[in-house]
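Undergrad: Chains as they are written, first to last, in this note's numbering: chain Z, 1 to 342; chain X, 1 to 342.
Please note that a few of the clues may not be correct.
[Claimed, not checked] Among the chain Z residues that face chain X by a calculated CB cut under 8 Å, a handful are:
1) E3
2) E38
3) G133
4) F147
5) T227
6) V319
7) I323
8) Q337
[Said to hold, decoys possible] From the derived model, a few chain X residues whose C-beta atoms are all more than 12 Å from chain Z:
9) L116
10) K136
11) V138
12) A297
13) Q309
Just so you know, these hints were derived from the structure itself, not from any lab. Heads up, the beta-carbon is just placed ideally off N, CA and C, and yes, glycines get one too.
Protein chains: 2
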Amino acid sequence: MSEQVVLLAHGSGGLLSHELVSSLFLKYLGNPILNALEDASNLPLGDASELLGGQLVFTTDSYVVKPLFFPGGDIGKLAICGTVNDLAMRGAVPLYLSAGFILEEGLPLRDLERVLVSMATTAEAAGVRIVAGDTKVVERGSVDKLFINTAGLGLVPPGVRISATAARPGDLILLSGAIGDHGLAIMTQREGLRFQTPLQSDCAPLNSLVSAMLAASRRIHTLRDPTRGGLASALNEIATQSAVGMEIEEQAVPIHEPVRAAGDLLGLDPFYVANEGKLIAIVEREDAQAILEAMRAHPYGQEAAIIGQVTAEHPGRVVLRTILGTRRLMDMLAGEQLPRIC
Amino acid sequence: MSEQVVLLAHGSGGLLSHELVSSLFLKYLGNPILNALEDASNLPLGDASELLGGQLVFTTDSYVVKPLFFPGGDIGKLAICGTVNDLAMRGAVPLYLSAGFILEEGLPLRDLERVLVSMATTAEAAGVRIVAGDTKVVERGSVDKLFINTAGLGLVPPGVRISATAARPGDLILLSGAIGDHGLAIMTQREGLRFQTPLQSDCAPLNSLVSAMLAASRRIHTLRDPTRGGLASALNEIATQSAVGMEIEEQAVPIHEPVRAAGDLLGLDPFYVANEGKLIAIVEREDAQAILEAMRAHPYGQEAAIIGQVTAEHPGRVVLRTILGTRRLMDMLAGEQLPRIC
Numbered sequence: 001m002s003e004q005v006v007l008l009a010h011g012s013g014g015l016l017s018h019e020l021v022s023s024l025f026l027k028y029l030g031n032p033i034l035n036a037l038e039d040a041s042n043l044p045l046g047d048a049s050e051l052l053g054g055q056l057v058f059t060t061d062s063y064v065v066k067p068l069f070f071p072g073g074d075i076g077k078l079a080i081c082g083t084v085n086d087l088a089m090r091g092a093v094p095l096y097l098s099a100g101f102i103l104e105e106g107l108p109l110r111d112l113e114r115v116l117v118s119m120a121t122t123a124e125a126a127g128v129r130i131v132a133g134d135t136k137v138v139e140r141g142s143v144d145k146l147f148i149n150t151a152g153l154g155l156v157p158p159g160v161r162i163s164a165t166a167a168r169p170g171d172l173i174l175l176s177g178a179i180g181d182h183g184l185a186i187m188t189q190r191e192g193l194r195f196q197t198p199l200q201s202d203c204a205p206l207n208s209l210v211s212a213m214l215a216a217s218r219r220i221h222t223l224r225d226p227t228r229g230g231l232a233s234a235l236n237e238i239a240t241q242s243a244v245g246m247e248i249e250e251q252a253v254p255i256h257e258p259v260r261a262a263g264d265l266l267g268l269d270p271f272y273v274a275n276e277g278k279l280i281a282i283v284e285r286e287d288a289q290a291i292l293e294a295m296r297a298h299p300y301g302q303e304a305a306i307i308g309q310v311t312a313e314h315p316g317r318v319v320l321r322t323i324l325g326t327r328r329l330m331d332m333l334a335g336e337q338l339p340r341i342c
Numbered sequence: 001m002s003e004q005v006v007l008l009a010h011g012s013g014g015l016l017s018h019e020l021v022s023s024l025f026l027k028y029l030g031n032p033i034l035n036a037l038e039d040a041s042n043l044p045l046g047d048a049s050e051l052l053g054g055q056l057v058f059t060t061d062s063y064v065v066k067p068l069f070f071p072g073g074d075i076g077k078l079a080i081c082g083t084v085n086d087l088a089m090r091g092a093v094p095l096y097l098s099a100g101f102i103l104e105e106g107l108p109l110r111d112l113e114r115v116l117v118s119m120a121t122t123a124e125a126a127g128v129r130i131v132a133g134d135t136k137v138v139e140r141g142s143v144d145k146l147f148i149n150t151a152g153l154g155l156v157p158p159g160v161r162i163s164a165t166a167a168r169p170g171d172l173i174l175l176s177g178a179i180g181d182h183g184l185a186i187m188t189q190r191e192g193l194r195f196q197t198p199l200q201s202d203c204a205p206l207n208s209l210v211s212a213m214l215a216a217s218r219r220i221h222t223l224r225d226p227t228r229g230g231l232a233s234a235l236n237e238i239a240t241q242s243a244v245g246m247e248i249e250e251q252a253v254p255i256h257e258p259v260r261a262a263g264d265l266l267g268l269d270p271f272y273v274a275n276e277g278k279l280i281a282i283v284e285r286e287d288a289q290a291i292l293e294a295m296r297a298h299p300y301g302q303e304a305a306i307i308g309q310v311t312a313e314h315p316g317r318v319v320l321r322t323i324l325g326t327r328r329l330m331d332m333l334a335g336e337q338l339p340r341i342c
């Protein structure tokens with residue numbers, strides 16, 4: 001296996017496709033639903049009363065990160081976490097994922113295997129199952145090694161109403177930890193830079209953090225994971241969708257020192273760099289402290305902080321109060337900063 | 001717009017990403033669910049009693065067809081039909097699709113627009129809505145123009161139990177029409193061949209055909225659309241999954257004359273060539289005639305035929321009775337025949 005590579009015939013729909021599915025995909029990702037190999041998979045949705053009171057949510061993301069393997073993660077871990085997190089940002093319990101692979105002819109099968117092991121481990125940790133899959137193989141040069149798409153289904157518990165449109169003036173803005181680690185870990189790896197303290201991606205499934213937060217209070221109005229475009233773009237999106245203003249305290253936003261240093265070196269502002277294991281929570285002011293404590297008690301929220309507040313003034317705009325005490329508009333990312341970061 | 005191309009910044013998560021989403025994606029694919037632009041979309045599932053009696057099914061497929069535009073379709077039409085058909089092959093009513101786009105830097109926006117128009121038209125015809133989306137842009141040379149993933153959710157009506165494991169000895173095997181049109185239309189286009197009668201892909205959403213068949217009889221045991229690997233591979237899959245044998249009458253299988261001619265020229269056997277608008281139905285013998293009539297009365301089943309039967313003998317194997325009267329084993333596709341056919 002270790003010397004073998006992906007062949008065009010692995011995507012033919014014939015014998016070799018079936019071999020690849022059984023020797024690799026089902027070996028690592030298999031479960032009774034996926035193993036049935038139906039054109040479309042049955043989805044048991046558990047207790048009907050739970051379903052009727054809840055709300056199904058659905059999301060999709062493609063992953064094209066380069067390189068495939070990076071400090072703190074790989075494309076497989078990312079493909080699970082990214083989609084689990086999109087479900088979690090609605091307060092949903094992630095249930096089922098699909099996985100679509102596009103492989104380049106010549107990709108070493110051991111690389112594919114390593115990605116599948118990572119997907120299996122991460123899916124297990126997040127409590128989701130991959131129940132539908134597809135593999136395409138394209139000729140050398142038509143794709144860069146391996147792209148993955150995952151779509152996900154989750155169930156929002158009754159009474160949870162979390163939306164990018166639900167931030168309200170007076171709400172406090174929480175951030176679950178330090179920003180910029182993912183993007184700068186990828187960029188330093190790509191540029192071949194070495195630091196004394198190596199940068200690690202923060203890539204993580206956030207659904208258990210969200211559950212812990214919801215256990216502390218149901219008055220969480222908005223959640224969003226600041227991926228592409230970073231914290232600044234995600235806050236701007238919420239400000240626009242909720243038609244509110246925001247004021248952010250620059251010094252309250254945690255940034256790890258090596259990230260700041262790498263950002264300075266590469267000319268990248270951590271406020272605009274992708275994160276894959278952080279969330280923004282906009283919550284009822286009264287409950288903010290309880291939610292913050294729940295976050296800090298969770299492994300993925302230890303550095304959580306209150307970073308600002310929602311205002312009725314300047315709807316659609318995010319204002320940063322800088323460390324120097326000045327105020328400036330913090331815009332959405334303009335132009336392109338980091339291609340193939342996720 | 002017509003002179004513009006996809007830029008890396010269109011995938012940044014910043015301003016240009018938002019512009020692309022609103023000026024193109026929402027313009028053509030928009031609906032209240034998608035327009036909400038939440039991290040994960042709410043899925044209304046209609047009447048609760050219907051849901052409780054039915055069964056949700058889920059599927060995914062990536063589309064990497066080359067060229068993007070071909071006689072009878074394009075990658076957008078294919079991305080809707082392929083996933084709708086996977087749902088329909090379980091007897092499901094297709095409800096919701098996600099769509100993930102991977103774009104090459106430099107792709108003309110007018111090509112993307114043409115694909116989106118096609119997706120919108122096909123989704124409308126199939127009665128499905130695209131409710132979740134994602135776009136990634138990769139640098140020139142890292143993907144060949146445009147790949148699409150669609151995942152789909154459907155609801156199987158109460159009482160319908162269709163599975164690749166459910167074929168039984170004595171059942172009759174129906175085919176909804178002529179085989180090989182899609183694969184040979186793509187190949188002749190790719191090779192620049194011209195025929196007097198141009199070949200057209202059969203790409204079509206088959207859910208309404210399946211509904212018509214189910215209205216004629218619920219005793220449909222197995223449905224499968226013979227895509228990659230063709231009719232021969234799909235029959236072998238069912239024979240294996242149901243642990244039954246099959247006998248197919250070669251002369252009963254409809255093949256259009258230009259397809260046969262192109263297959264001869266290119267050395268491609270239509271039995272192994274992909275279809276995108278055909279289905280195999282394995283049904284209770286008594287009801288076969290009624291189902292066949294329902295198929296022939298439908299625009300996508302006019303050339304439907306009974307092509308063979310399921311046997312208890314030689315489980316897992318498909319035997320072809322040739323036009324010459326001889327019998328031979330019809331294997332699954334070995335090796336690779338047509339890369340990037342879907």
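Undergrad: For each hint, tell me whether it holds in the structure or not.
TA: Verification of the supplied hints:
no.	hint	result
1	E3	20 Å, violated
2	E38	6 Å, holds
3	G133	7 Å, holds
4	F147	6 Å, holds
5	T227	7 Å, holds
6	V319	18 Å, violated
7	I323	24 Å, violated
8	Q337	6 Å, holds
9	L116	16 Å, holds
10	K136	5 Å, violated
11	V138	5 Å, violated
12	A297	24 Å, holds
13	Q309	22 Å, holds
Violated hints, in rising order: 1, 6, 7, 10, 11; the structure is consistent with all others.
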